[in-house]
Every structure is written in C-alpha cells, then in structure tokens.
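Peer 1: Listed below are the residues making up each chain.
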Amino acid sequence: MSILLKKHKDISGFIFINVTRLLFLMLILMLAFILIKIIVEGFSVISWEFISSEPKNNMTEGGIFPAIFGTVAVTLLMILFALPLGIFSAIYLNEYAKDSVFTRIIRTAVNNLAGVPSIVFGLFGLGFFILFVGKNLDEVLQTGLLFGQPALIWASSTLAVLVLPIIIVSTLEALNSVPKSHRDASYGLGATKWQTIKNVVLPQARPGILTGTILAISRGAGETAPVLFLGAAFFLPNLPIVDLCFGDYCIPMINPGEQFMYLAYHIFILATQSSNPTKTMPLQYGSTLVLITLTFLLNITAIIFRYRFRKILGRL
Amino acid sequence: MKETKITVKNLNLFYGEKQALADISIDIYSQRVTAFIGPSGCGKSTFLRVINRMNDLIDDVRITGKIQIDGIDIYDKNLDVVNLRKRIGMVFQKSNLFPKTIYENLIFGPRINGIKDRKVLDEIAEKTLIQAALWEEVKDRLDDPALSLSGGQQQRLCIARALAVEPQIILMDEPASALDPISTAKIEELIDELKKNYTIVIVTHNMQQAARVSDYTAFFYLGRLIEYDKTSRIFTNPSNRQTEDYVTGRFG
Ligand SMILES: Nc1ncnc2c1ncn2[C@@H]1O[C@H](COP(=O)(O)OP(=O)(O)OP(=O)(O)O)[C@@H](O)[C@H]1O
Ligand SMILES: [Mg+2]
Numbered sequence: 001m002s003i004l005l006k007k008h009k010d011i012s013g014f015i016f017i018n019v020t021r022l023l024f025l026m027l028i029l030m031l032a033f034i035l036i037k038i039i040v041e042g043f044s045v046i047s048w049e050f051i052s053s054e055p056k057n058n059m060t061e062g063g064i065f066p067a068i069f070g071t072v073a074v075t076l077l078m079i080l081f082a083l084p085l086g087i088f089s090a091i092y093l094n095e096y097a098k099d100s101v102f103t104r105i106i107r108t109a110v111n112n113l114a115g116v117p118s119i120v121f122g123l124f125g126l127g128f129f130i131l132f133v134g135k136n137l138d139e140v141l142q143t144g145l146l147f148g149q150p151a152l153i154w155a156s157s158t159l160a161v162l163v164l165p166i167i168i169v170s171t172l173e174a175l176n177s178v179p180k181s182h183r184d185a186s187y188g189l190g191a192t193k194w195q196t197i198k199n200v201v202l203p204q205a206r207p208g209i210l211t212g213t214i215l216a217i218s219r220g221a222g223e224t225a226p227v228l229f230l231g232a233a234f235f236l237p238n239l240p241i242v243d244l245c246f247g248d249y250c251i252p253m254i255n256p257g258e259q260f261m262y263l264a265y266h267i268f269i270l271a272t273q274s275s276n277p278t279k280t281m282p283l284q285y286g287s288t289l290v291l292i293t294l295t296f297l298l299n300i301t302a303i304i305f306r307y308r309f310r311k312i313l314g315r316l
Numbered sequence: 001m002k003e004t005k006i007t008v009k010n011l012n013l014f015y016g017e018k019q020a021l022a023d024i025s026i027d028i029y030s031q032r033v034t035a036f037i038g039p040s041g042c043g044k045s046t047f048l049r050v051i052n053r054m055n056d057l058i059d060d061v062r063i064t065g066k067i068q069i070d071g072i073d074i075y076d077k078n079l080d081v082v083n084l085r086k087r088i089g090m091v092f093q094k095s096n097l098f099p100k101t102i103y104e105n106l107i108f109g110p111r112i113n114g115i116k117d118r119k120v121l122d123e124i125a126e127k128t129l130i131q132a133a134l135w136e137e138v139k140d141r142l143d144d145p146a147l148s149l150s151g152g153q154q155q156r157l158c159i160a161r162a163l164a165v166e167p168q169i170i171l172m173d174e175p176a177s178a179l180d181p182i183s184t185a186k187i188e189e190l191i192d193e194l195k196k197n198y199t200i201v202i203v204t205h206n207m208q209q210a211a212r213v214s215d216y217t218a219f220f221y222l223g224r225l226i227e228y229d230k231t232s233r234i235f236t237n238p239s240n241r242q243t244e245d246y247v248t249g250r251f252g
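Protein chains in written order, with my numbering: chain Y, 1 to 316; chain S, 1 to 252.
The following block holds chain Y by itself, in its conformation from the complex (with noise of 0.2 angstroms):
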C-alpha cells in the first residue's frame, strides 16, 4: 500500500501549467496596459463639446462628431443590409436546403469567410461595388458619375459582407443548437414546417442569434480596412444627410450617396497623416476611448442577452 502515500511528479504537467498561467498573465498585462492607457488619456479629452462639435483648425483642436455620426450612418445601414440577408440564409440553409455538396460548399465557404482578412474584402467592396457594380449603372442609367465613386453605402455593402459570414455562421449554430425533439413534437401535433420554424425553433434561437449578430456587428463597426477606399473622407465637416421632404414635410435622412467620416479612419488619420500628430495625440486618445465605448456598449448588449437567456434557461 506504500504506493498510495507517494506522491505521484507530474513535472510536465507542472511546467505546462505554469507556462499558460504565464502566457496569460502577459496578455492581461498588455490589455490592461492598452485599456488604462486609453482610459485615463482619453477621458481628460472628452467633453460634450468632444463628442458634438466638428474638428477645427485642420483637425488638431474640436470634436468628432461628424466621425461619430458617420460610424453610426455606416453601421446602421450594414446592419440594415446584413441582417435579414445572414438571418434568412442561415435559416434557408439550416431548415429548408437538402443537405447536398452544394449546401456543404457553400457551408465551408462561409466558415471559412468568416477568417478573410478585412483588407481583402475591401477591395472587394472597391471592385465589386463601385467598379462593377456602380460604374455599370452609371453606364446603363446614364447617370455619369453618380454611382461609380466611393459613398457611403458601398462603405455599408462592403461592411455587410464582411459581416455576413459571422451573423450565418453564428445564426446557424443557434439553430442548430435547438433539439430535434422539440421539431418532432412539434411536427408530432401537425404543425407545418413553417409553425415549427415560427413557434419552436426561432424563438428558442433568437437569444443565440442576437448575441452572434450583435458581436457581428461591433466587429464591423470597429473595421478601418474596408472603408479605406469605400467613401471615409479624410476631413468633411458636413454630415451625410439629405431632406427627405414630402410636400412641405421634410425629415432628415442618412445619404447614401455622400462621402463620410469615420472614426476609426478619423484615428488613423489623425495619427498619420496630421500636418502636427504630437498636437493630436490627446485628440486620438479621446476619438479611441469613444470607439471602444461604442463598440464596448454592443458587446454589453450582447452579454445581457446572453445572460438572460442562461437565466430564463436555468429557470426552466
């Protein structure tokens, strides 16, 4: 029984243990110096005055706004483009298309999407978008150049795409993850595809699939590649918006013709391309601190989805 009381050295073990514990130490080291670094720079910066205003003085002094509004113009019409399209894919995928290599294809390709480098899909979006497809309807509507030149819905179309493998892939997953029992019942009591789509599978997925699309969708919002050649302006203080009027009554509208700016490329700029970066620099750190907050409040969103829906599952 002697053996019993030896202590069994495990050194391997130890060493690995003690590497990752390591490893994972640096990086929490390095991300929180990054978050602190921005935090604490960025936060002297902020005003209402920040967030409102316009850059002055050739960008070294003022605000963001029009970044900011143009962040969100180009988000919300990706979300506006990518959401229906990756939510009914991914249900036409799932539910209804036979499993063929076709279908297997065109799964493989979309997992494999989701890993393509932003740069690439934008110029994608340059080729495709506004070189195929915008200087094409130039030519057939005779329009000159109105539709072959950077704007912002390219911008919004290219974003879309580079978020569409996500959105299905996770979308899909969600779906997935609802039991075949539970369509068997439902099927059971004479439901039509339809009504099990409707009534069992969407809402026990729509949790999954809010939190895949939202995380989608900050990552897009936070890409700086795509939109390079798509329509971000180096400085344009008016925002994209056109007047919208019927008979007398005008509301507002983002344009989807015009030029914008964007806060990610407004960071890049200030930090490259400023006639003075040294006096920018606060300037960075405040337009930084404003994008991580934006994209920091989607993930939240996300994680209070996720949250609810472990709550309402524990609950049952």
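It is possible that part of the hints are untrue.
[As the list claims (entries may be wrong)] With a cut-off of at most 20 angstroms between alpha-carbon atoms, the simulated SDA-like pairs for lysine to any residue come out as follows:
1) 98/Y / 59/S
2) 198/Y / 81/S
3) 180/Y / 198/Y
[Claimed, not checked] Label pairs and their calculated CB-CB ranges:
4) 17/S / 98/Y: 12 to 20 angstroms
5) 144/S / 176/Y: 22 to 30 angstroms
6) 98/Y / 177/S: 26 to 34 angstroms
[Claimed, not checked] Covered by chain Y, per the in silico footprint, the following chain S stretches (three or more residues, Cβ under 8 angstroms):
7) 16-28
8) 93-99
Because the hints were derived from the structure by calculation, they are not lab data. Given the structure is predicted, the values throughout are model-derived calculations rather than measurements. For each residue, glycine too, the CB sits at the ideal point set by N, CA and C.
Given the coordinates of chain Y, assemble chain S with the ligands onto it according to the supplied hints.
Peer 2: Same frame as chain Y, now just chain S with the ligands:
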C-alpha cells in the same frame, strides 16, 4: 366487436440502401391497445413513425407497400400530411415539452390549428389535463415552466398535449421507459382509460407492461413482423419459437 383502424399491407422501408422494415402486414384495431415488442433495432420506432409519416422528415427514406387509415391510403400523393398528423397523436420516449409554460405546451396544437379564443383554449387545456389525470396536480400552476414538472408529470403532459389536437390514434414510443414504477402505473392507468376513445399503439421493452396494458401484441424481429395476436396468446401460447424465446426472456 372490433373495427380495423389501420391496415398495413406488404410494407417495406429503406433508409438509403438499408432495409429497416420488410414485408409487414398488420391490422390494428380501433379502441384497442396494440403493443409493439422486439429487441432493440428491430424497427418498432420506424414502423410507428410510418403511421404518422414522421419519416418524411428524414432524407433518403423509401417506402413501398400500402398503409390505410379508415380505408384511406395515407401515402396517397393528394393526402395532406399535416392533417394526417393532427389525427394522430405521438408521445415519445423522452418527454419533449417545449421550453414554455404548461399552458402554452397544451395549447400549442389547437393554436396552430387556428383557435385563438382564449376561453376555448382554456377549456381544451382543462379537458385534456383531466383526461391525462394531471389536472389536480397542475391546475394552480399552469403558467409555470413545463420543464419544472417531474419526469412522470412531464410525460403525462406530453400525452395531454397530444390529446389537445383531438386525435383518433395515439402512438407511444416507450412512454414510460424513463419513469419510476408509480409514474409508470399512472401512465398505464391512463392508457387503459384512453383506449375507450382512441386507437393506441405502444412500443415497449417491458414485457409485463405489454401484458398489462395491451389487447394485441406484435413481435418484431430484424425488421419483420414475426407474430401478431391477442396479447394473452402471445404471452401464454405463442405459435412462433422466436416469440416464445423473446417473451420469456431467453433472448433479447
Ligand atoms: N434515421 C435513420 N437513418 C438510418 N437508419 C436508421 C434511422 N433510424 C433508424 N435506423 C435504423 O433502422 C433500424 C430500426 O431502428 P428503430 O429505431 O426503428 O428500432 P427500434 O426497434 O425502435 O429500436 P429501440 O428498441 O432500440 O428503440 C435500426 O437498425 C436503425 O439503425
Ligand atoms: Mg425505438
């Protein structure tokens, strides 16, 4: 006096290349309980799912032969599967209640049938719960999550949910296999009660249960119907050697 409810003639079923049911012919009677017994993998569940066409949901299933309910060919091209399934309630081995309230589970079927009137739905809920002998236990907690019920209550709620669409036939696939003896006894009592109005088919691995609840018993082996007769005969004096070995527990 017995009436034939379901008539099956020369049924063959293939999952892809693999044959799961071979040349099955059987008459299932109205207001009787018919038990399907046989070793695991012999095709009992598959056959059950033929009756309400749940196999349609699986890709690559091929069926030949004839299945009639009340003289109507249920694999007829013009038959509406959804209406067929409304006539046939199904209870599965594992309770598959939706993660909704007790009440919402009960009225799921009526609601997809277009019943919206809350009063009518309430009545259906009460009636089916009483039928399923569950009313006393849950009448004060209809808005609780269905999954907060005990396993036995859940299974009886599944039965109540199936009754709510007013089926004529009830198919049960090992409805009590995951339950304790008391819950099982309740389900068996319930089956006894229900057979006055319904045609019931039950798959079970429990020989005593088959003997207790059923009027007729069908023994399946390797996708074939080996013997089908009155339950009393199957258990006391089967004509087939394999049946005898199986019901006496000599193989299985
Ligand atoms: N979806 C399917 N695809 C392919 N083969 C299947 C499928 N479902 C069942 N089978 C096969 O058909 C045969 C019969 O299966 P079935 O589930 O009907 O058996 P069973 O008698 O109900 O068994 P058990 O008592 O274990 O539930 C088995 O060999 C099984 O592997
Ligand atoms: Mg089975």
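Peer 1: Hint by hint, say whether it matches the structure.
Peer 2: Hint by hint, here is what the structure shows:
1. 98/Y / 59/S: Holds, at about 8 angstroms.
2. 198/Y / 81/S: holds, 19 angstroms
3. 180/Y / 198/Y: The hint holds at about 15 angstroms.
4. 17/S / 98/Y: 12 to 20 angstroms: Check passed, 18 angstroms falls within 12 to 20 angstroms.
5. 144/S / 176/Y: 22 to 30 angstroms: For residue 144/S and residue 176/Y the Cβ distance comes to about 28 angstroms; the hint holds.
6. 98/Y / 177/S: 26 to 34 angstroms: Given range 26 to 34 angstroms: holds, Cβ gap about 33 angstroms.
7. 16-28: violated (count 0)
8. 93-99: Three-residue rule met by the stretch 93-99 of chain S, so holds; n is 5.
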